[in-house]
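Asker: These protein sequence lines map, in sequence, to chains A and B.
Each residue of the first sequence is one higher than the one before, starting from 5 at the first, in our numbering.
Each residue of the second sequence is one higher than the one before, starting from 6 at the first, in our numbering.
Do not rely on the hints blindly, as some may be mistaken.
[As the list claims (entries may be wrong)] Cut-off 25 Å, straight-line C-alpha distance, at most; resulting in silico cross-link-like pairs (PhoX-like, lysine-lysine): (1) A:K63 / A:K249; (2) B:K42 / A:K216; (3) A:K118 / A:K249; (4) B:K42 / A:K249; (5) A:K66 / B:K73.
Keep in mind the hints are simulated off the structure, nothing from the lab.
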Amino acid sequence: MLLVLAISLGTGALASLMGLGGGIILVPVFTLLLGIPFPVAAATSIVAVVAASNGAALKFHKSGLTNVSLGLWLEIGTVVGAVLGVLAVGVISPSFLYFFFGATLILATLTMLKGRQDLSREDNSKTPSYPLSAALGLNTEDYKVRRPVLGLFLSVFAGALSSMLGVGGGIVKLPLMNAVMQVPLRCAVATSSFMIGITATTGAFMYYLQGKLDLALVAPTVVGVLAGAYFSSQFLTKIPVSLIKRAFALIAFVAAIRMIVRGVEML
Amino acid sequence: MTVAILRIGNSLSLLLFILAIILSAVGEVEIVLGLMKFGLFTLLFTPVCRLVFVGWESLKGGEFRARKWMALVVIMLLVLSILLGIRH
Numbered sequence: 005m006l007l008v009l010a011i012s013l014g015t016g017a018l019a020s021l022m023g024l025g026g027g028i029i030l031v032p033v034f035t036l037l038l039g040i041p042f043p044v045a046a047a048t049s050i051v052a053v054v055a056a057s058n059g060a061a062l063k064f065h066k067s068g069l070t071n072v073s074l075g076l077w078l079e080i081g082t083v084v085g086a087v088l089g090v091l092a093v094g095v096i097s098p099s100f101l102y103f104f105f106g107a108t109l110i111l112a113t114l115t116m117l118k119g120r121q122d123l124s125r126e127d128n129s130k131t132p133s134y135p136l137s138a139a140l141g142l143n144t145e146d147y148k149v150r151r152p153v154l155g156l157f158l159s160v161f162a163g164a165l166s167s168m169l170g171v172g173g174g175i176v177k178l179p180l181m182n183a184v185m186q187v188p189l190r191c192a193v194a195t196s197s198f199m200i201g202i203t204a205t206t207g208a209f210m211y212y213l214q215g216k217l218d219l220a221l222v223a224p225t226v227v228g229v230l231a232g233a234y235f236s237s238q239f240l241t242k243i244p245v246s247l248i249k250r251a252f253a254l255i256a257f258v259a260a261i262r263m264i265v266r267g268v269e270m271l
Numbered sequence: 006m007t008v009a010i011l012r013i014g015n016s017l018s019l020l021l022f023i024l025a026i027i028l029s030a031v032g033e034v035e036i037v038l039g040l041m042k043f044g045l046f047t048l049l050f051t052p053v054c055r056l057v058f059v060g061w062e063s064l065k066g067g068e069f070r071a072r073k074w075m076a077l078v079v080i081m082l083l084v085l086s087i088l089l090g091i092r093h
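Looking at chain A on its own, in the form it has when it is part of the complex (with noise of 0.2 Å):
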């Protein structure tokens, strides 16, 4: 327990650093360091999203960023697609698990060193709206919201990502809100903040129904989180954060090459 709880401190403290959730370094430190089963550190890796995410959403709410409406819109896909992942865990093979979840691990990297660029138009409010936006009070003073059906049905695959992994899914959600939707990036990434605590609730929800979640695992986890996002927050604001990111790249890179190998050597 106490091996899991300074695993845990110290993956707080460098997913904070880095504005990650945490979920994408603590799955693979759990089944490569200690060894335990993908689909308990991805549901013990879920909860540790839930309260990450309460966190962060404590931080957007004073922002005024967050678009509530498009947040729920989405998470209407969002919810369906962490249950059909859930499910999904429990019939396709680990091997593929280990495979794609160094594949996302590999991607989420490569984002996070090429930095995030804004991909919605300046200014969109006058160009016309989508009605289905309109109806649904999607659209804001500031933009309008593109593709909501489009962006309905990717937000499934969003929320599948997110439970069977367990990730927050910001990796899907940013891009499929700020490219195809056209809401800007600053807007996109609080609104991510405030669906991921839902879509992680409903993974977290249904593998502890199933049994697959080891509360003697769960407990110190989500402690050494919240303490290692407080202390990096109040301590190690001086490291600089490009340092961090880089250390992280490559350490990350070995860990996605060991989690593909993990799913070869499972086949």
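Starting from the known structure of chain A, arrange chain B on it as the hints suggest.
Answerer: Just chain B now, kept in the frame of chain A:
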């Protein structure tokens, strides 16, 4: 209110988990398990409570008519997923 829900939910679950970890050293297995379950449910119900509050707030304010329906659909889907989990 949203801030209060998030703060209380996270702090309470953290407290319960810490208590469970401390008591696990003493060996009170049933109490530890109870505290862990309570902590888990407190944590998981925090975003649900926030969602219910968002829906309730929209219900009161007339300008967010669609929002309350979307909140209701998400809550219903959440309940359905729990029921599906129980059946499995």
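Asker: Hints first: check each against the structure and report whether it holds.
Answerer: Checked hints:
1. A:K63 / A:K249: holds (22 Å)
2. B:K42 / A:K216: holds (14 Å)
3. A:K118 / A:K249: Judged against 25 Å, a Cα distance of about 11 Å means the pair holds.
4. B:K42 / A:K249: Roughly 35 Å between the alpha carbons, so the hint for B:K42 and A:K249 is violated.
5. A:K66 / B:K73: Satisfied, since the Cα-Cα distance of roughly 21 Å is no more than 25 Å.
In summary, the structure is inconsistent with hint 4 from the numbered list given earlier, while agreeing with all the others.
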